[in-house]
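Enquirer: Chain by chain, the residues run as shown.
Number of protein chains: 2
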Amino acid sequence: MSSLTVPPPTCLRRPLVVPHRHMFGPGPSNAPQRILEAGAKPVIGHMHPEIFEIMSDIKSGIQYMFQTQNRVSFAVSGTGHTAMECAIFNAVEPGESVLSAVNGIWGERAADMAERIGAKVNTIVAPPGGFFSLEEIEQALIQYKPVLLFVTHGESSTGVLHPLAGIGALCHRYDCLLLVDSVAAMGGTPLYMDQQEIDILYTGSQKVLNVPPGTAPISFSDRACQKIFNRKTKPVSFFLDLSWLSNYWGCDDKPARVYHHTGPITAFYSLREGLAVLAEEGLENSWKRHESAAEYFHSGLESMGLKLFVKEKKARLPTVTTIVAPHGYDWKEITAYIMKTHNLEISGGLGPSVGLVLRVGLMGCNSTKASVDMVLAALKDALKHCHKSKV
Amino acid sequence: MSSLTVPPPTCLRRPLVVPHRHMFGPGPSNAPQRILEAGAKPVIGHMHPEIFEIMSDIKSGIQYMFQTQNRVSFAVSGTGHTAMECAIFNAVEPGESVLSAVNGIWGERAADMAERIGAKVNTIVAPPGGFFSLEEIEQALIQYKPVLLFVTHGESSTGVLHPLAGIGALCHRYDCLLLVDSVAAMGGTPLYMDQQEIDILYTGSQKVLNVPPGTAPISFSDRACQKIFNRKTKPVSFFLDLSWLSNYWGCDDKPARVYHHTGPITAFYSLREGLAVLAEEGLENSWKRHESAAEYFHSGLESMGLKLFVKEKKARLPTVTTIVAPHGYDWKEITAYIMKTHNLEISGGLGPSVGLVLRVGLMGCNSTKASVDMVLAALKDALKHCHKSKV
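Line order of the protein sequences matches chains D and G.
For what it's worth, the UniProt record's numbering labels the leading residue of the first sequence as 1, then goes sequentially.
For what it's worth, the UniProt record's numbering labels the leading residue of the second sequence as 1, then goes sequentially.
Put simply, identical chains are the same to the list, so a pair is met inside one copy or across any two.
Here are the simulated DMTMM-like pairs of lysine to aspartate or glutamate, each with C-alpha atoms no more than 20 Å apart in a straight line: (1) LYS234 to GLU108; (2) LYS369 to GLU284; (3) LYS145 to GLU197; (4) LYS332 to GLU50; (5) LYS340 to GLU53; (6) LYS232 to GLU115; (7) LYS234 to GLU93; (8) LYS227 to ASP252; (9) LYS234 to GLU115; (10) LYS232 to ASP112; (11) LYS340 to GLU50; (12) LYS145 to GLU115; (13) LYS314 to GLU302; (14) LYS311 to GLU295; (15) LYS369 to ASP381; (16) LYS234 to GLU96; (17) LYS380 to GLU333; (18) LYS388 to ASP330.
These are calculated hints, taken from the structure and not from any lab test.
Note that the coordinates shown come from a computational prediction; the quantities given were computed from them, not determined experimentally.
With the rest of the complex left out, here is chain D (with noise of 0.2 Å):
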């Protein structure tokens, strides 16, 4: 007869307590009262009529946001990660050619994704800060004949926002789908889908959506669906098999949905929320506020005396800015001291910028003068009280 031998663990006693913070980070940012109070509503079943009407409310807002008339367009049950690996494990069979743009952590881990399933996968690299030309893109596409082509919109370990224009119409010359990542740009800068002829694309809940991590909207073209229905191959994951997941949300022709997994019912619920926060301030009008801010804060920095780590000014992400680390500090000092004296999250570089820059994230609700302000001021103070080397 067996029995007992771990005890219930005495830190559960203790009741959960969680700081408010200013998240001004490169994600997730801070969720409004009333994204987490969606999120707090009672748990239906993931079958139940009201939740499918939900899934379609989120759909619906993800065509918004997206812009894009595309049938299969829904939320992976899963954070930005589990949607890249949603997009390269259907569109990608083994042995097939996967080009990745590589100017940061993104374009490494969509190849190290795509070779894990067995993919032929070759990179063209930016220098940190870089980005690619269409000369360069075309290059590559002629070289190595890929199925598709990785591009970060949003590299939110440099700060770089990749120019989309034409990068589409380039890879279908070519026979290659286009996928491109934008969870860290999505919603802060244009991006039209549909005339950009992306075919994949995907964000994070947690980014400008304000959304607690958790959901990420993604969406499929009419051409990359083609090559998706018709592999010859099971994508590896059942759980993220393109042909149960559209199923799921309802976006195929069969009569009924089919029991695949049980969707993150609260999480949904959120995603929804901030969908809707999105629309009713309006897709045009969240651009333009998160472009003046960004405006707003890089020149205060550049009073200071600060560098931006992206050169060219119309590369700059306005979500997440990256700052020259500040020359004879340690970073490191300067974020704990930001967290410790302001109660607000900065960051350090990641990746390929590890211990080259500052990341400043302005997302969403948090993507105001005010909180520009707060971060410059908290900025002036560290560089003020941190440790200076006299090199």
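Given chain D, work out where chain G should sit, using these hints.
Expert: Quick look at chain G alone, frame taken from chain D:
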């Protein structure tokens, strides 16, 4: 120049309305206010010390619930299916032999998942309502020499509680890992991961724990880790790669945590709260409560003249009860009537049990005499008012 072609959807102008409902189907179960409120606390960062402490509390709670000392115990950022794939993707390399014990939908799905990643999959199959003897399992271990055996502890599609005693030791005699799915049973019936020599075990948040779906506790034995951390190939999923996940959850020896993915922060809050509720009541009390509610329910059903689908008493799940679909009735009319008239979810069959059964789940806070009385009254009412054919 591009311009908006998709207008803001009018459906998002309606405020979100979600009904209160008795969630007495096979899951998700009702989430108490306390747990919903925990999940509505402010978002903090996925690398902040406070979230690491919350994750550490979750690990302790899972070790308690699972009765294990396994260091590699954590919550997958996803639902039960994600945990299933996390287990299989990590434990199995292409070409390896996997054995799935199929007595309902979960064994089928595990087989599907293992096939997709190139395993050689064999199954043993029991009819719906049945399970496997140690002799049958041993026979198959000898015949197929699997590296992994999949067994469903709580088969929610058929209502079977699979006896676990002896299976772990048997597997280890044949150099096979034991993977147990206890999504529907965990917390409602005795289970001792270490003493029962289970190598990989997972559950979902939305059953006995009464936490909204979106996180899935999982644990790996040293024996499982030994195999996984000595793989020759990388797992197909970066997102579910145990080397990354165990670092993210502080289960490895590395000095620092590296950014892997952004976990569902607020879902971790509610998971912690659900584990705290379980620790407060005590596992053994929870098991007893589920058992006595189930006994009371089953005898109530029998005195109504209804038949239980699972013949052997000891193989009946205390969390999910399968009732033989009442003769002469349309099961869909019954569940629809009860939903409409009693605002109460019970469900029909799933997979191999479709058309054969009604399924009632009484899990966590729903496992009470009062809930049983409510279900029995609803069933009586339905049998009185639904159409009965004159066969």
